[in-house]
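Trainee: Listed below, chain by chain, are the residues.
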Amino acid sequence: MGTMLARLWEVLARRIDPMLFVCALAIVGVGLVTLFSAADQSIARETSQVMSLSFAIVLMWMFANIAPQTLARVAVPLYIVAVAMLVGVAMFGVVVNGSRRWLNLGVARFQPSELMKIALPLMLAWYFQKFEGRIRIRDFVFAAVLIVVPVYLIKRQPDLGTSLLIGASGFYVLFLAGLSWKIIMGLAALGAAVGPMVWTHLHDYQRERILTFLDPSRDPLGAGYHSMQASIAIGSGGIVGKGWLNGTQTHLDFLPERHTDFIFAVFGEEFGLIGNTVLLVLYLLLIGRAMMITAHASTLFARLLAGAITLMFFTYAFVNMAMVSGLLPVVGVPLPLVSYGGTALISLFIGLGILMSVQAHRKLVMT
Amino acid sequence: MPGRLIFTSRGRGSGGYEPSELRNPERDLFLFRRRLSLVGVLVFLAFCGLFTRFFYLQVVQHAHFETLADTNRIAIVPIVPNRGVITDRNGIVLAQSYSAYTLEITPSRIGNLEATIDKLAEIVNIEPRDRKRFRKLLDESKNFESLPIRTKLTDEEVARFAVNRYRFPGVDIKARLFRQYPFGEIASHVVGYIGRINDKDNERIAEWDETANYKGSDYIGKVGVELSYERDLHGTTGVEDVEVDSGGRAVRTLKRTPPIAGNNLRLSIDIKLQEVAEQAFGDRRGALVAIDPTSGDVLAFVSKPGFDPNLFVDGIDPANWQELNESPDKPLLNRPLRGAYPPGSTIKPYLALAALNSGKRTPNQTIYDPGFFQIPGQAHRFRDDKPGGHGTVDMYKSIVQSCDTYYYMLANDTDIDDTARFLGKLGFGAKTGIDIEGELTGVLPSRAWKRQRFAGKNYRDEHRKWYLGDSISAGIGQGYNAFTPMQLAHAIAMIANDGVGYTPHLVKSVTNVKTGEVREIAAQPASKLDVKPEQLAVIKHALVGVNKEGTAAAAFKDAKYVSAGKTGTAQVFSLKGEKYSEHKVDERLRDHAWFEAYAPADHPKIAVAVLVENGGFGASAAAPIARKVFDRWLLGESEPGAAKDMPDSDDDDGD
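These protein sequence lines are chains A and B, in that order. Residue numbers are given in our numbering: position 174 of the first sequence equals residue 978, and the series is strictly consecutive. Residue numbers are given in our numbering: position 185 of the second sequence equals residue 709, and the series is strictly consecutive.
Everything hinted at is true.
So these bits of chain B aren't anywhere near chain A, every CB distance computed over 12 Å:
| id | residue |
| --- | --- |
| 1 | Glu680 |
| 2 | Ala954 |
| 3 | Asp1054 |
Restraint-style ranges between C-beta atoms, simulated for each label pair:
| id | chain 1 | residue 1 | chain 2 | residue 2 | range |
| --- | --- | --- | --- | --- | --- |
| 4 | B | Ala599 | A | Phe946 | 52 to 58 Å |
| 5 | A | Ala993 | B | Thr760 | 38 to 44 Å |
| 6 | A | Val953 | B | Asp594 | 47 to 53 Å |
| 7 | A | Phe896 | B | Glu1044 | 37 to 43 Å |
| 8 | A | Val953 | B | Ala843 | 55 to 61 Å |
| 9 | A | Gly833 | B | Ala599 | 32 to 38 Å |
| 10 | A | Leu1006 | B | Ala599 | 31 to 37 Å |
| 11 | A | Ala848 | B | Ala843 | 37 to 43 Å |
| 12 | A | Ile987 | B | Thr591 | 47 to 53 Å |
| 13 | A | Gly833 | B | Glu727 | 35 to 41 Å |
None of these hints come from the bench; they were simulated from the model. C-beta atoms are modelled at their ideal positions from N, C-alpha and C, and glycine is treated no differently.
Let the sequences and hints guide you as you build the complete structure.
Mentor: If you want it as structure tokens, here you go:
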């Protein structure tokens, strides 16, 4: 009996990276505590988030048990399906809040841009692995096309925030695959030159958001107001915070979207600089561990995939916290592992599962 | 360039001509890790940046933000802009907003709602109706919104509450804007009404990306011009930063960005003409559209019966709603746009013009009408309205006396698809593009239309096939034909204006109240009829004949101008060969009376289509209404003496 349990435990825990898992759970814990306050102590929200979490952990375990080379095999079909779905969204998508982002699958609505977040790095990693050791400039050009297609489709929805983030995930793979510094600098220079032209192509609401970021008082009833109120929430939290469930900004309805994109403001108000620092450290530990895994990955594919996932974790966490604290314009990015929302939680845990798989399968291939 | 290497100094082995080197995994890994380390440093620096920002907000600026949060009793209050005024073409107000005091409750700040309302009822008059409406609002709203329990308080009530205000935390007097329609039922289908914003409206607002601008707005256009020009009328919401006390009550205003009032609309409607037209209908149901043929200005737009838009503003009560919604007279139906009726004989001038244009008929070519028409080899007789027939008939007579047999024969000689193509150019079977919503396209029958209409497995092939008999019925405007009064007015205006049609429009100009800038709605040429002027002249001559010596002569007796027109009668109920007798048939199954006309005949200033539902003969029921409208518009007379409803036994009343 004892041996059976031990055996079971071994099967369950074999591929799980303890440090990654513990860090992730700690951050999720912070999220659940904050959510309880942000959602006005709603048990229903809390239960729903815990249900998503359980499902996400199961998926994480499954992905941890899939060898990276198996994932490499589904890279191409997954990418094609994701692009096809984005095209489908453009043609028959459901419009919510003026954007066509959702695909109605009968049972549930689904945002194909979520799938693309994993499909694109997977595809790129597969591609560079295929030409490992003989990667030439034309491969980078082809890879750039692979990135531009979904980025363009998502930008058209319109969802500028997500398209930029997915573009970034693609760029991370190119960078780690060794894109020459000259080209990176060239692109940066080009970006600076083209920037003013892009401005004229932006949607009114996008321009408005950027202007509002530069001057929040432009739009005191909309995004500018959100941004100001979030800064007030964090700033008034002070060093130790106002205490759990005691945030006045939170509970007097001054904070918008406070259980999703702006949940960090609730956390900052109630737990102060100390809480924020703890959260930063937890993210650093998680990202640091993920980088270790990336550095020790055995194949180019695993390295690039793990690297992209790691950097996406960082990007989401950074962009969200920077946005809520007023360093970046308001874009719809949730705080990874903390914000309320099942889909994001599941994507993130799948990412963690892939990282664990890369770590666990490292020795098997080493010669 | 093709040989340039990026990642390592090796070529791609496959080409063969590239210098190939051995792979160097250690170097690859080294380069990769170097980049990864760089990333690690950047991540760390970025987090340090975040920490610095937090430190700045939470330590350096803490006192500042703490004060802000404590005094975040600064509520940001939207100030609703004044909705644009709607006037007729002469500046007479048809819709305006006025400010009135309301007594409002913020439910989230109140413990026992019922008890509070009971206590309030001792100070101001609160009817059971007010309570009912409040409860309905409560169900639809979020808790922190302030909701009106009483609207339009008197000055005395305001004063009485002000004295007792301290007893009622969470209850306040506010000034809200109310919409008023001084003409009530007159032109109600043009002006429309506003109502409380619902979920569907919110979706619309989100699609315009105007959510912030509608904060604080309770009402939105629901019907008519109020709906179609919503974005002009609404205006830009202002903002007030208000300091509130612990009870959430405004203490003083800190900063104020005033709202910008919505744009004013000047309609092309003349409300006096509209009144004359509506009165001319009496209690009868029907529709009238009068257009200036040279510009597309809609001068009058009648849908009878109408409704009182003032009922909707404050949330219509269930009793009134039920009455309007369930009445068999359908007062909420916009008949000129959404009533599709068979055109009857009013279609004949267009078919005659098509025949001239295609060369199927010349003006002088005659037929002999024995009183019926038979498709060669078939027994069924398509009867003429005049027993015994009209005898020898040329094109002029066919229109003036409205001879059915002439058009049965013409339909027999013409392909339905050619007819449909020609009528399509006059705007039949398509939206006219008028600037209010809900317009129907009607039915312009053709082979393709019938195939599509009877597609699907509920129908068999013989249902989808076009028969000659279909063409014959369509030839006198019966059968599948169904057009809206709007379409008919548009078509007759096109004839009046020598074949040039303008998109009809109800709004003549939009005035920006702040800048004073006036946006004129220009006449938009919609289509041009490709016919020879002499062909058009034949038809116009015959239309003058109708009002002079034909079916509408009685209605235009002694008129001080020359007018042109065509009567029509649309069958509601097929009598299967029995002789139709108005008095034997139930009122709602009686024929619809049509009249289309324009005047003055040489330089038309007004074109009109009139439909009287179940009115019987077009000549007697509909033509006198057009006469009154013409007299008013051309002569300025509102009470024309000559045109009275006339008896309907004259033999010349061909249809």
